[in-house]
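All chains should be modelled from the sequences, with the hints used to inform the complete structure.
Chains as they are written, first to last, in this note's numbering: chain A, 1 to 299; chain B, 300 to 699; chain C, 700 to 934.
Keep in mind that the hints were calculated from the coordinates and are not lab data.
All the given hints hold, so there is nothing to weed out.
Okay, the calculated beta carbon distance ranges per label pair:
id : chain 1 : residue 1 : chain 2 : residue 2 : range
1  : B       : 456       : A       : 5         : 38 to 44 Å
2  : C       : 768       : A       : 220       : 43 to 49 Å
3  : B       : 548       : A       : 121       : 49 to 55 Å
4  : B       : 456       : A       : 130       : 48 to 54 Å
Taking lysine to any residue pairs in the SDA-like style, the calculated list, with each CA pair at most 25 Å apart, reads:
id : chain 1 : residue 1 : chain 2 : residue 2
5  : C       : 826       : A       : 171
6  : A       : 94        : B       : 669
7  : C       : 750       : A       : 85
8  : C       : 768       : C       : 797
9  : C       : 804       : A       : 196
10 : C       : 849       : C       : 770
Glycine included, C-beta positions come from ideal geometry on N, C-alpha and C.
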Amino acid sequence: MDAFLTSRIIADVLGGLTNGVIYGMVALSLVLIWRSTGVLNFAQGAMPMFATYVGFALLSYHFGYWACAVAALIVGLAVGGLTERLVVRGLYGKPEINPIVVMVGFLIVLEAVAAAIWSSFPRSLPSPFSSIDWQLGGHPVSLSPFTVYEIGASIVVMLLVAALFRFTNLGLQLRASALAPEVSRLLGVRVGRLLTLGWMLSTAVGVVTTILVSSNFFTGLTPQVNDGIFAFGFIAAAVGGLESPVGAIVAGVSLGIILQFVQDYLNSNAQIIVALVVLIVALMVRPNGVFTKSSLRRV
Amino acid sequence: MKIEVVRRRFAVSVALIIIATVVAFLIAPTTHNGVAIAIVLDVAVACVATLTLPGLRSSHPVVARAALSMLGVVVVLFVAFFLPSASDFNLATGAAMSIVLLGLSFLTGASGQISLGNSAFMGVGAFTMAIWANHHATTPIFITLLISVVAGALVGLLLGMPATRLRGPYLAGMTLAFAVAFTAILGEFSSWTGGDSGLQLPSEARPPHWLVSLFHSGASPLTTSTLWLTEISIVVAGVAFFFMANLFASRTGRAMRLIRDNDVAAELVGISLPRARVIAFVVSSAYAALGGALWTLIDNSVSPPTYSFALSVTILSLIVIGGIGTISGALIGGIIYAYSTNVISWIVNQTGLNPQGNFASQLNGIIFGGLLILTMLFAPLGIAGAVRHFWHRARNRSSG
Amino acid sequence: MIAIDNLSVSFGAVQALRDVTFRAETGQITAVLGANGAGKTTLLRTVSGLKEPKSGTIAMDGQALVHRKTEDIARMGVGHVPEGRGVIGEFTVEENLRLGAMTAKVNLKSGLEEQYDQFPVLGERRKQHAAKLSGGERQMLAMARALIAKPSVLLLDEPSLGLAPLVTAQLMHTIRSLCETNDLTVILVEQNASSALRIAHRAVVLHVGHVVANDEASVVAGDENLRQYYLGLVE
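What follows is the structure in structure tokens.
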């Protein structure tokens, strides 16, 4: 294979990986909330967007990038918890369209309020890392300090979430609350609080992805920053079967890489179209998700 | 006894029709539109007479629905006649919107699922209308409208087949993806869709000669295209409501409501769930396409940004506020849409907000999104449901 | 001890329990018997706080249980093994047990050892997913998961459901010895009246929400009318 083609493919895979881990994390948050509360959170992108705006408002008071990021995370936890308590709690056990409609309404309100306060113009976050590719023997290697930061931070967050669920008592209770809420309550697990915690965590994970995406010099932070990412994240989650956290991540990363090739060889407009086709085909071939065992289907 | 009642009512109706005709001709010289007013009044009286026939609703429900739709159309036409042309434009877009809402209401009311892709399905209809009119300028308007409806139904079938097989939020998520993808799809086929600038209709839609000749003067308001387009939209909406009312009451409609309430029971009595869900989705897509096609006609052009995801959310808000799963909810939603821009700019004026400011430009989203949440949490059946609730309460109280 | 007084529970217009009154003494097994729909499961769910009663009181050693949250009632020492056992199939045996021990202030390690001594089969399968266990093993796991929290009250809902007669007999024997060694208050809901009466100290018979008998287990077992009309036991 000639060197140019090889380097182009490597560049696509790396670029795809960067987006893919983001889609994977959005898909993961969607799956966790869906499994535990039966709500597909259409505001999964808007809630962290809002928290990120609030956190990075501290920039005007001469706080640094990392201080703002921590503030955004804390606000994200609060937004997630308050949303669960004040908005979502009344929706458990209602017909399935009720939570969908309410979360779509919440998405619109959050985006409109954010645009009203901070305007719709992109606001660039001062990235602590350079977006300029490293050079190797005079050639750019399609890897910059910023991409390493993006991929690294995503992987760290995913590992932390996985470790929380696998190895801690809290994770065991979170999983139990999602799988068998009534039995968990009979064993003394405070299911209500854990659901709140689940929403807090998923919003915080969303804040991480939002910060990563909008720290990118080329995109910046806008009220609609997560709209497209949410669509790709949902597609990944649905392809993965909506029930499987691992499936969500794998599907997200794969989707990111596929779409990077689409962008490179076709154009960026075609990405969402190809993603939609992938979703249609996947649902036709494996209606319950590529990664879900058929017996686990939720009725 | 019963025959007596019918006879008396018939006599009264005939008398009213004669009086209406005479009055219309008397005022005709001042308004130039006597014949039109007479026809409108006569049809209205005839509809009321039909509707009030005892036992009609149970013996001939289709006739009753037809009369009710016709009465609605005639009343709105009459109102539109006296409104300023700016308001006619609102009314026309609102009538088209109520068709879209009707489709969504049917989907949710019948199958318990929801679509967030109505903006895109409207767009399919809108662009089919524009593309067809640009390539075959001679096709009559109503045929082009039908072609747009078919296009919407086909796209609905393509998307509905995989998603409606599954319970859960798949249809909502997939239609959201379609709505987000739609502008990109338009861009991909820019040689057909005109890219960012969209398409212009080759000629303005004009009323036919026989209609114009009903009027004494060529300068009558009916010959302006705004009123004519308003009338087309209202008539098409009336027909759409008539079909939907029958669909809601049909065997298929009842079967679908059974699915929404209890799908295990529905499966036990032998209803094919996936098929019923696909049908509901295809019908709602076709209705959305019809609404979009009318918009192209009303605007005389079509532009891609109109059909972005934000429109889907507006559609969802309107039907939820009006009353999801009901026919009257679609009507209420359409009226709200027709005048929402006026109301919002009135609010902006009253509160002294800067009309060019961030807050004023986002007020639409804040109000609609907020109402969407509050309605779903506190009155899930919207205005239609609330009215029905109070009506029943009042009736129960009065009857003891 | 569990004291239930004038307890009435309804689902909408349907009254599931009417004026139910009885005592379940410490160190004793109180069997609650009756046909399908007699209100047995509803009774246990009300004790656990999963269902709000319309009227009446429930007290555990003098502390009122009504209007408390299920989680809090569990933490007060009421172990409830629900109908169908409620083991979490996606969890391993040990994860199920860990979940049971988590909310009680008990030492996990010694608790696990104790339960594996009690139910050796669980020790052998500690790393297996609970979904892979047999019906009898699942029942053992569900009981062990309740017992690891050291409850003072044990509510058992149809433990013999779906088990072979031999396994049922063994299970009943285990329940009796658990009750005696740990000085537990056991309320045993059973449709399988004969097995339950063999180990119970007292028996309460429910019929469409009413208490029709409340006596020593041996008395109930000897009452020909009760056996025939309410318990479906014919020689």
